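Number of protein chains: 4
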Amino acid sequence: MQTPQQLHQRYQQVRKLSEQICSPLAVEDYQIQAIIETSPPKWHLAHVSWFFETFLLKPHHKDYQVFHPQYEMLFNSYYETVGALHPRPKRGLLARPTIDEIYAYRHAVDEAMEAFFDVLENCPDEKLLFFIELGLNHEQQHQELLLMDIKYNFSVNPLKPAYRNDLANHRIDTTSVLQWHEQEAGLYEIGDSSNNFAYDNESPRHRHYLADFSLANRLVTNGEYLAFMEDKGYQRSELWLADGWQKNEQQPLYWQQDGQDYLEMTLGGLRALNPDEPVCHISYYEADAYARWAGKRLPTEAEIEVVLADKAIVGNFFDQDILHPQAAGADGQWYGDLWAWTSTAYHPYPGFKPLEGSAGEYNGKFMCNQMVLRGGCCVTSQDHMRASYRNFFYPHDRWQFSGIRLADK
Amino acid sequence: MQTPQQLHQRYQQVRKLSEQICSPLAVEDYQIQAIIETSPPKWHLAHVSWFFETFLLKPHHKDYQVFHPQYEMLFNSYYETVGALHPRPKRGLLARPTIDEIYAYRHAVDEAMEAFFDVLENCPDEKLLFFIELGLNHEQQHQELLLMDIKYNFSVNPLKPAYRNDLANHRIDTTSVLQWHEQEAGLYEIGDSSNNFAYDNESPRHRHYLADFSLANRLVTNGEYLAFMEDKGYQRSELWLADGWQKNEQQPLYWQQDGQDYLEMTLGGLRALNPDEPVCHISYYEADAYARWAGKRLPTEAEIEVVLADKAIVGNFFDQDILHPQAAGADGQWYGDLWAWTSTAYHPYPGFKPLEGSAGEYNGKFMCNQMVLRGGCCVTSQDHMRASYRNFFYPHDRWQFSGIRLADK
Amino acid sequence: MQTPQQLHQRYQQVRKLSEQICSPLAVEDYQIQAIIETSPPKWHLAHVSWFFETFLLKPHHKDYQVFHPQYEMLFNSYYETVGALHPRPKRGLLARPTIDEIYAYRHAVDEAMEAFFDVLENCPDEKLLFFIELGLNHEQQHQELLLMDIKYNFSVNPLKPAYRNDLANHRIDTTSVLQWHEQEAGLYEIGDSSNNFAYDNESPRHRHYLADFSLANRLVTNGEYLAFMEDKGYQRSELWLADGWQKNEQQPLYWQQDGQDYLEMTLGGLRALNPDEPVCHISYYEADAYARWAGKRLPTEAEIEVVLADKAIVGNFFDQDILHPQAAGADGQWYGDLWAWTSTAYHPYPGFKPLEGSAGEYNGKFMCNQMVLRGGCCVTSQDHMRASYRNFFYPHDRWQFSGIRLADK
Amino acid sequence: MQTPQQLHQRYQQVRKLSEQICSPLAVEDYQIQAIIETSPPKWHLAHVSWFFETFLLKPHHKDYQVFHPQYEMLFNSYYETVGALHPRPKRGLLARPTIDEIYAYRHAVDEAMEAFFDVLENCPDEKLLFFIELGLNHEQQHQELLLMDIKYNFSVNPLKPAYRNDLANHRIDTTSVLQWHEQEAGLYEIGDSSNNFAYDNESPRHRHYLADFSLANRLVTNGEYLAFMEDKGYQRSELWLADGWQKNEQQPLYWQQDGQDYLEMTLGGLRALNPDEPVCHISYYEADAYARWAGKRLPTEAEIEVVLADKAIVGNFFDQDILHPQAAGADGQWYGDLWAWTSTAYHPYPGFKPLEGSAGEYNGKFMCNQMVLRGGCCVTSQDHMRASYRNFFYPHDRWQFSGIRLADK
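Residue numbers (our numbering), protein chains in the order written: chain B, 91 to 499; chain R, 91 to 499; chain W, 91 to 499; chain E, 91 to 499.
What the hints contain is simulated information worked out from the structure, not anything from laboratory work. Predicted model, so just to flag it, every value in this text is computed and none were measured. For glycine and all other residues, C-beta sits at the position ideal for the given N, C-alpha and C. Accuracy of the hints is not assured; some may be wrong.
Claimed, not checked - Using 20 Å as the maximum straight-line C-alpha spacing, the simulated DMTMM-like pairs for lysine to aspartate or glutamate come out as follows: (1) Lys180(W) <-> Glu274(R); (2) Lys322(R) <-> Glu170(W); (3) Lys250(R) <-> Asp333(R); (4) Lys180(B) <-> Glu127(B); (5) Lys250(E) <-> Glu191(W); (6) Lys180(E) <-> Asp333(B); (7) Lys148(E) <-> Asp473(E); (8) Lys443(E) <-> Glu328(B); (9) Lys443(E) <-> Asp302(E); (10) Lys443(R) <-> Asp302(W); (11) Lys148(B) <-> Glu162(B); (12) Lys322(E) <-> Glu170(B); (13) Lys337(E) <-> Glu127(B); (14) Lys443(R) <-> Asp498(W); (15) Lys443(B) <-> Glu223(B); (16) Lys322(R) <-> Glu339(R); (17) Lys250(R) <-> Asp190(B); (18) Lys401(R) <-> Glu274(R); (19) Lys443(W) <-> Asp302(W); (20) Lys322(R) <-> Glu191(W); (21) Lys148(E) <-> Glu216(E); (22) Lys250(W) <-> Asp200(E); (23) Lys386(R) <-> Glu451(W); (24) Lys106(W) <-> Glu451(W); (25) Lys443(B) <-> Asp302(E); (26) Lys152(R) <-> Asp208(R).
What the hints assert, rightly or not - Output of the computed footprint for chain E on chain B, the stretches with three or more beta carbons under 8 Å from beta carbons of chain E: (27) 167–175; (28) 291–302; (29) 332–341; (30) 431–437; (31) 449–455.
Can you make the complete structure from the sequences, with help from the hints?
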């Protein structure tokens, strides 16, 4: 658990980062919601502030004056127990409040939080500190969503604009040969066991039996995926889950054919596809079909966690400022680059207890119909990652930075 | 026909007015497409420039350099013969070009048009002058659409912002008693007969037999419409066309209940409903049901034209800067305030010939499934109006400034 | 007006014919509703009986015992003022009542009607006799719908079954050369003027001015329509109404390619397309596009009525037992074969008054969004036809026996 | 493994039973597909015969003459590798083949299978015998589907017909008090371990760690579920998974309010709801919300299997001819009555290998987005049940005989 002082500093860093992420955007870019699953950048900026206002300032900060009476409804994402919600599909229609008004809202919340930290530093309250930490982790998740959503929004524009033209590019020229990590069978424990922050869905730590298995030390590359496509992988029903076959996808989300070759939309604009980089923005169905074609399978979430628990949390994260997956080096890829689809449906761990009150809606109510992904990606902040972290998306979702890590046995 | 010099001056006025209409907008407001039928204000601004670029500058202006190669596709509304089109439902997703870029596009077109006028003033070409006049009338139509679309976009925002707080308000306190204009039966001529500009759909002028009829000298008011509602007009199937009954509307588009009373969304924001003002933003189905309930009927387009042809073109137009229908004075309401639904389906006049080439797509291809409206409204420019003018919308459309004028016999 | 005795005899004939039309059906065939627009044959059989029960027996026949309390709801088509309706899209889910029960219902109604005729023959009541005549005309319309719907139902079955294998086939080998009937301009009267039965929508007879025009003496043939297709008629946007272009049809409803040739689904099963027969089962959009391609236009309903009024009501009707349009002979085709699309939207005639009470829902409430067709077809009973008859369908409808008659000038 | 002789006898029994299940149906009832998820009874009867024809007779029976060339396509359910399929949503439109033709098809297949058994009894082929057993288990699954689908089809008919009026009714008057089976933590094995037939999805048997848990000895009753409803269970968002909350259900599928009370649609028609009988035809979302409200949880599939493995396979099955769940007696309810929703998403067991060839499509490709249910129900044949049996439905599905068994700890 962090001290109030540490948390205060972290608050300032995290809040600032959200605005930095948005700084390359034109006012118009803040407004777009290209599909229901995404939100306009301005909405993200307001919603993460709403979180602090709703769960900390309003109930716990003496004399706090609500910034605007309708923001509670406008910027509530999915907390039914908080009250009415503006319908998700209509977030892109909110021209007002303007982005200037939203920044004013952010700054009013930040100012009130400064005063609130003064109180907490004198008189720490563990529960409130936890909520602040939850709010910061929440904002870090939305930083990742911001970049995913911006990428999607830019991709549907025929002009194919770049979000940034100055991205770092530590490109490793060639992907290293895939190596298999071998793990013995046994009764393992998974779930959070640290004293640090973790979401409720990572608890309780519990026993889980695993047969022996092998896990790839890197992600599947574009070149390997092209071989699947050339072998008519998208046309062979026997490789596909029934629900995936119905989707009738023909290539990863951001690829577009260019004569014999492929271009790929990135946060740096449209680029030639690099066969050594990991294949990204694929659905669970595509990941699963590829694994079946390759004679392998997708790992379970427990298998990945057990292996990751022994690895250092290093890799291609947001902090590298590349914002695109990179070819694996000699040490493989364990964290970062792309969230790896697992074959495990998102479910409560045995004995799971959601947080009390409205915060209990944070995770638990989504434990159905989604699949777990593990390991973080190139738009995840490094200090947001841990071995027990469970991300989750619907099997058909493709706009997140998802990739394929194979397992065997 | 106007001289090149007159047209040149008119060009400058009309082009400037579009920008004036948008001047109260925030950048964010330019971006919104709240329903498929509407377009973002920025798209309107670009499209009307596209019209001059596509039909005049590109084919007829020597050395004209295309402003941007993809704008032809992005800002083509529905001219299939011009080439590919950006899909209409996705206009609101075009964050780029930004509004600054769109103004740059407008100004580049205007600059090239200045040079083009220099040529034309020396060497007038009647066909090109006609196309300029068409482009200006086209832009005037889009000025009306801009205000309709802005009103709709603002109305879906729970904050109910006002487009302008400084609108003129020459409110006449009480609606005058309805009087009936009596017209004798006879073989009339309808359609354009002037030497001035008119759309192709107003020609050819042709004979049309009318039995004798009466036409109301003013529009139906909110108060009269409330009586229909209080008499369960929306619940009585016998008053409704079958297709309208399916729509299951319960009140005019912009009304919202406020205890016992009603508020109405206007371009000046949410206001108490004024019972003396004409009821507006109703569908053809609502207009028709009201007329049936009142024991009257809607007029045909020929009936309205025959009567309007003898009236001065004065009334509550855009030029009055009220931007909302007003109570009728002692002289009634013949032009302006609200487009009156007619019972006539939009169809080609006998012997109708569309314009040649892509301009032939302007009107003719919409002559199915829509109903004609007549008389102009409070967001129509006065110098855009004439007795033979045919506006048209789908029977279920409600976001245009539409109202009810009754006929009898 | 027919005497009670004449009507009695006609009642027996019409009621028997409905059952004869269904006699080739298997029990399973009675059950199918392949699209929302159609109804299962068993539903038609019940609904036409419901009409007599609801509008005559229940209100006017002393001591009549309702056959089944829920039939009023189950077999009400669209009479909102009668009461609740079983939803139209779910008619095909009514396995019960069985077809045997529905025939029992028919026969119970017939028996009660026999007794009712006894009363009427002694004591004629003009209003009731009119309602019986309306019910018989209603049943004749449903006989036509039965054959349209059966054809559609059979066509969606990959086995392409034939409704009948014993249809008459007086095929005329070659279509005669098209001749143009010339009509002078003038102030005509249209609408019903007889003393015989006509629907309310054919009244009142009224004056209508027509410019001079030419009308084709026969329908457009498959061979002529193939020329349109070979000239890329379906791919050229400039030939199409905007709403039709969206439909993206590629050939008439019942055509299917067979190598270089076409097969056509008919009530006699799948057959080689005969180029001399009239093209059928096309939408208004297709008819309109063809006419534009051919440099002609579709006629208005008034134009057709004025010409038909002077022609004998002979042609290829249901009575010929061919149930498919035939090549035109030397005298042309004026009635029968196919309903000709007109360019007139279905609207009330000036001074139109619908029937009183629920029967007023018969026609009037459909006077929006549909187009008028004229002249009858090969599944219309000859004694159901007259010059003033107005049929109507939505412009996109294709399952009715519709064709193209050209006009010029 | 059964001998060819045993299997031959079983073939005759199973095949006969399908026809017995359909014997109360009218021809019309065979035709209905009330929702996409269901199939018309006639389609089921043909499809199970298709299975034997496609997987045994065509490839392995010398001289077998295909019954009808188009049946391969018409009655293929979802075997993409076999070839083209008639679209699932259109099964209800196949009036032809008639039910008589489908019985002729069944009997032709049975006749050929008789000859095939003659060969096999002389010369047993283990692989073919396995396929026959698979075909019989397949047909038993469809027997259950037949009854589920018939129930649904009858329920949408406003006449609420009964499938049978002569159902057995061994009603136990009062549900016994719920008792908790306590199970110790440990490393268990789950999955099929018998020498008898089991589906591929029940293998391989594998180790699975379970913490200690309690399992209810009977299902949740209607009375208990009513208490949840009276406590506003359907209106309290905090009880619901997010995807379930969207569905906005208000009561179990087959309940309908009747004043203060409820009626329930059953295979014996509409009946008063019996509070002692288990609540049935609920979605996973409803089961999960109920468990949360009750302060318990749904069991995992492993938990149920471990407990069931020690219980005798007795209970209220199809064989009891009640076809509705019954109140639990003093010994509780372990098998039969209703399939219990588990909290386990349907997934491949570690090391899962689907059957080779097209039969591999039987189970594996559905291992996504569905939840496992366990224990069989009142329309499952007793000899079709075993502890390792995995049934699966989408979380929103309600037309199967599903219920709630609680777990704790």
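We went through each hint and held it up to the structure:
1. A threshold of 20 Å between alpha carbons decides the hint, and for lysine 180(W) with glutamate 274(R) the separation of about 51 Å lies outside it, so the pair is violated.
2. For the suggested pair lysine 322(R) and glutamate 170(W), the alpha carbons sit about 15 Å apart, so the restraint of at most 20 Å is met.
3. Between lysine 250(R) and aspartate 333(R), the direct Cα distance comes to roughly 31 Å. Violation of the 20 Å bound is thereby established for this hinted pair.
4. The suggested pairing of lysine 180(B) with glutamate 127(B) holds, with an alpha-carbon distance near 11 Å, which does not exceed 20 Å.
5. Of the supplied pair hints, the one linking lysine 250(E) and glutamate 191(W) holds, its CA atoms being roughly 16 Å apart against a limit of 20 Å.
6. At roughly 19 Å between alpha-carbon atoms, lysine 180(E) and aspartate 333(B) fall within 20 Å of each other, so this suggested pair holds.
7. Taking the CA atoms of lysine 148(E) and aspartate 473(E), the gap is about 28 Å. The hint is violated against a cut of 20 Å.
8. For a cut-off of 20 Å, the pair hint linking lysine 443(E) to glutamate 328(B) stands: about 13 Å separates their Cα positions.
9. As the CA atoms of lysine 443(E) and aspartate 302(E) are separated by approximately 30 Å, the hinted pair breaks the 20 Å bound.
10. Annotation: proposed proximity of lysine 443(R) to aspartate 302(W) holds, straight-line Cα distance about 17 Å (limit 20 Å).
11. Taken as a hint, the lysine 148(B) and glutamate 162(B) pair is honoured in the structure, with Cα atoms around 11 Å apart against an allowance of 20 Å.
12. Restraint check for lysine 322(E) and glutamate 170(B): satisfied, since their Cα atoms lie roughly 15 Å apart, inside the 20 Å limit.
13. As the CA atoms of lysine 337(E) and glutamate 127(B) are separated by approximately 18 Å, the hinted pair is consistent with the 20 Å bound.
14. Of the pairs offered as hints, the one joining lysine 443(R) and aspartate 498(W) holds, with about 13 Å between alpha carbons and a cut-off of 20 Å not exceeded.
15. A threshold of 20 Å between alpha carbons decides the hint, and for lysine 443(B) with glutamate 223(B) the separation of about 19 Å falls inside it, so the pair holds.
16. Between lysine 322(R) and glutamate 339(R) the CA atoms are separated by roughly 12 Å; this keeps the pair inside 20 Å, and the hint holds.
17. Annotation: proposed proximity of lysine 250(R) to aspartate 190(B) holds, straight-line Cα distance about 18 Å (limit 20 Å).
18. A distance of roughly 16 Å separates the Cα atoms of lysine 401(R) and glutamate 274(R); the hinted pair therefore holds under the 20 Å criterion.
19. A distance of roughly 30 Å separates the Cα atoms of lysine 443(W) and aspartate 302(W); the hinted pair therefore is violated under the 20 Å criterion.
20. Simply put, lysine 322(R) and glutamate 191(W) have alpha-carbon atoms about 40 Å apart, too far for the 20 Å limit, and the pair is violated.
21. Simply put, lysine 148(E) and glutamate 216(E) have alpha-carbon atoms about 18 Å apart, close enough for the 20 Å limit, and the pair holds.
22. Using a Cα cut-off of 20 Å, the hinted pair lysine 250(W) and aspartate 200(E) is violated, with the two alpha carbons roughly 27 Å apart.
23. Distance check on the hinted pair: lysine 386(R) and glutamate 451(W) sit about 18 Å apart at the alpha-carbon level, within 20 Å; holds.
24. For the suggested pair lysine 106(W) and glutamate 451(W), the alpha carbons sit about 26 Å apart, so the restraint of at most 20 Å is broken.
25. Annotation: proposed proximity of lysine 443(B) to aspartate 302(E) holds, straight-line Cα distance about 17 Å (limit 20 Å).
26. Simply put, lysine 152(R) and aspartate 208(R) have alpha-carbon atoms about 12 Å apart, close enough for the 20 Å limit, and the pair holds.
27. Only residues whose beta carbon comes within less than 8 Å of a beta carbon in chain E count, and the stretch 167–175 of chain B has 3; three or more means the coverage holds.
28. Here's how the stretch 291–302 of chain B fares: 5 of its residues keep a CB closer than 8 Å to some CB of chain E, so the rule of at least three is met and the hint holds.
29. Under a criterion of three residues with beta carbons nearer than 8 Å to beta carbons of chain E, the stated coverage of the stretch 332–341 of chain B is upheld, 4 such residues being counted.
30. For the stretch 431–437 of chain B, the stated coverage by chain E is satisfied: 4 residues place a CB nearer than 8 Å to a CB of that chain, which reaches the threshold of 3.
31. For a cut-off of 8 Å, the count of residues in the stretch 449–455 of chain B with a CB near a CB of chain E stands at 3, and the three-residue condition holds.
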